[in-house]
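**Q** This is what each chain is made of:
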Amino acid sequence: MSGHDHGEDGVSRRKVLECMTWAGTGVLWTITGGVPRSLGIIDSAQAATAAAPGMTFLQISDSHVGFDKPANPNALGTLEEAVAKINAMPTKPSFMIHTGDITHLSKAAEFDNADRIISQSKLDVHYVPGEHDFLDEDVKFYRERYGRGTKGAGWYSFDAGGVHFIGLVNVVDLKAGGLGNLGAEQLAWLEDDLRGKSKSTPIVLFAHIPLWTVYPEWGWGTEDGGRALEYVKGFGSVTVLNGHIHQVMQKVEGNVTFHTARSTAFPQPAPGTAPSPGPMKVEDARLRAMLGVASVNFKQNEQRLAIIDTPLQG
Amino acid sequence: MKTLTRRDFGVAMAATILLPATAARADDMEVHIDNFVFQPAELTVKVGTTVTWTNRDDIPHTVVSAGKFRSKTLDTDDKFSFTFTNAGDYKYFCSLHPHMTGMIKVE
Chain C
1 MSGHDHGEDG VSRRKVLECM TWAGTGVLWT ITGGVPRSLG IIDSAQAATA AAPGMTFLQI
61 SDSHVGFDKP ANPNALGTLE EAVAKINAMP TKPSFMIHTG DITHLSKAAE FDNADRIISQ
121 SKLDVHYVPG EHDFLDEDVK FYRERYGRGT KGAGWYSFDA GGVHFIGLVN VVDLKAGGLG
181 NLGAEQLAWL EDDLRGKSKS TPIVLFAHIP LWTVYPEWGW GTEDGGRALE YVKGFGSVTV
241 LNGHIHQVMQ KVEGNVTFHT ARSTAFPQPA PGTAPSPGPM KVEDARLRAM LGVASVNFKQ
301 NEQRLAIIDT PLQG
Chain R
1 MKTLTRRDFG VAMAATILLP ATAARADDME VHIDNFVFQP AELTVKVGTT VTWTNRDDIP
61 HTVVSAGKFR SKTLDTDDKF SFTFTNAGDY KYFCSLHPHM TGMIKVE
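Residue numbers (our numbering), protein chains in the order written: chain C, 1 to 314; chain R, 1 to 107.
Errors might be hidden in some of the hints.
Computed from the model, here is a short list of chain C residues facing chain R with C-beta under 8 Å [what the hints assert, rightly or not]:
id, residue
1, Ala176
2, Gly219
3, Pro279
4, Arg288
5, Ala289
These stretches of chain R come out as covered by chain C in the derived footprint (C-beta under 8 Å, 3 or more residues) [said to hold, decoys possible]:
id, segment
6, 70–77
7, 87–96
Ranges of calculated distance between the beta carbons of each label pair, as one might list FRET restraints [as the list claims (entries may be wrong)]:
id, chain 1, residue 1, chain 2, residue 2, range
8, R, Lys72, C, Gly272, 26 to 34 Å
9, R, Asp27, C, Glu185, 39 to 47 Å
10, R, Lys79, C, Lys107, 31 to 39 Å
11, C, Lys197, R, Lys79, 19 to 27 Å
12, C, Pro271, R, Asp89, 25 to 33 Å
13, C, Pro271, R, Arg56, 16 to 24 Å
14, C, Lys233, R, Thr85, 47 to 55 Å
15, C, Asp115, R, Arg56, 28 to 36 Å
If you're looking for bench data, these hints aren't it; they were derived computationally from the structure.
Virtual Cβ for every residue (Gly too), placed ideally from N, Cα, C.
Take these sequences, add in the hints, and give me the full structure.
**A** Next up, the structure:
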């Protein structure tokens, strides 16, 4: 509630977020004045993207390098395909975020292979860990590679293109019977990180497990995610980007847009449609339609905010 | 009725190593992890029993009982054994997928 000095045109000065999820199958979103509407057609997505200057960044998630089970015997290969798609984009993105599960079993060779492929995008990558990235005995490989300059288990924030990005970790200290977990220390840091920020600053929160409750029966949610969302309540534009569930899910509540990305490795079933959330085996011809990456575009000084999902193949 | 698979040779070897020399040999038991569920979710055993968990999912899991035992990450078909030498209720869970919980009652 710090509005009086500079609040007269706070809403109209809200910067514009456009997000195109660029993936195995396409969903296309536009948000006008904070309310999204689905455009749904790939052609429209491409047209919207072509017409949208400003900052573009990518989201990639759940590479699971090392996974070799029937749902996708070559997870490294599909990651490579995703990076090739990124490299073929007409507009080079400013940077990439990776929302975790880089590897399947946190083996050094898996991290090395992931880095070898992802670095071919020649983009800066901002990572947050998934639970599959903390499985090595000493829990050190992720931190050694991606933990520099981060707090706690790996959380941090940065600014780009007028947007404040916050990478959170919700895959450590999980409690029996519970969901993802941020913890008191990280929440205190988040509150502090947001203090003094103008409410017209667009906020992007990204973390591995969805910060909203998607399906608690499968653990798809974050126990104290609601606390984090309270801290961003007053901001005009909040976008929450997650992975973990290997499918696109979207929801809007007030000024907050929630979005989960596809995996580049294997699909998982829609909530409750299978006995478990484990890897879903689909026909080979359909696999690439269910994998992908996301591209997000910000336009400044406009009220329109758009999120677009587009398929890699399909 | 609980259906228990007979222990295999590997489990028998592990039990031999893990059992204290003084412990009475009890029937060893198995818990399977299938579809993100511990089966059986609750198991009652005698003191001295070795329980072996086998992960039959395509996704790694762990078996963790706070302050009592903690497996390494179990990939597909990996096993973890623990011998219960004291009576009590041992609640446990998968630290990667904490909605997965189970209990061993040792009497």
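**Q** Give a verdict on every hint.
**A** Consistency of the hints with the structure:
1. Interface hint at alanine 176/C: satisfied, since its Cβ lies 4 Å from the closest Cβ of chain R, which is below the 8 Å cut-off.
2. Contact between glycine 219/C and chain R, as hinted, is supported at the beta carbon level, the nearest pair being about 4 Å apart and thus within 8 Å.
3. Interface hint at proline 279/C: satisfied, since its Cβ lies 5 Å from the closest Cβ of chain R, which is below the 8 Å cut-off.
4. A least Cβ separation of about 19 Å between arginine 288/C and chain R goes past the 8 Å threshold, and the interface hint is therefore violated.
5. For alanine 289/C, the shortest C-beta to C-beta distance to chain R is roughly 20 Å, which exceeds 8 Å, and the interface hint is violated.
6. Coverage of the segment 70–77 of chain R by chain C holds in this model, with 4 residues showing a Cβ closer than 8 Å to a Cβ of that chain against a need of three.
7. Coverage of the segment 87–96 of chain R by chain C holds [criterion: at least 3 residues with CB-CB distance below 8 Å; count 5].
8. At about 31 Å, the CB distance of lysine 72/R to glycine 272/C agrees with the hint of 26 to 34 Å.
9. Range check, aspartate 27/R to glutamate 185/C: Cβ separation about 45 Å, and the 39 to 47 Å hint holds.
10. For lysine 79/R and lysine 107/C, the Cβ-Cβ distance of about 19 Å falls outside the hinted range of 31 to 39 Å, so the restraint is violated.
11. One distance hint, 19 to 27 Å for the beta-carbon pair lysine 197/C and lysine 79/R, is violated here, with the actual separation near 50 Å.
12. Distance hint check for proline 271/C and aspartate 89/R: the Cβ-Cβ separation is about 32 Å, which falls inside the suggested range of 25 to 33 Å.
13. Under the hint 16 to 24 Å, the C-beta atoms of proline 271/C and arginine 56/R, about 22 Å apart, fit the expected range.
14. Remark: the range hint 47 to 55 Å for lysine 233/C to threonine 85/R is upheld by a beta-carbon distance near 52 Å.
15. The beta-carbon spacing between aspartate 115/C and arginine 56/R, approximately 31 Å, falls within the hinted interval of 28 to 36 Å.
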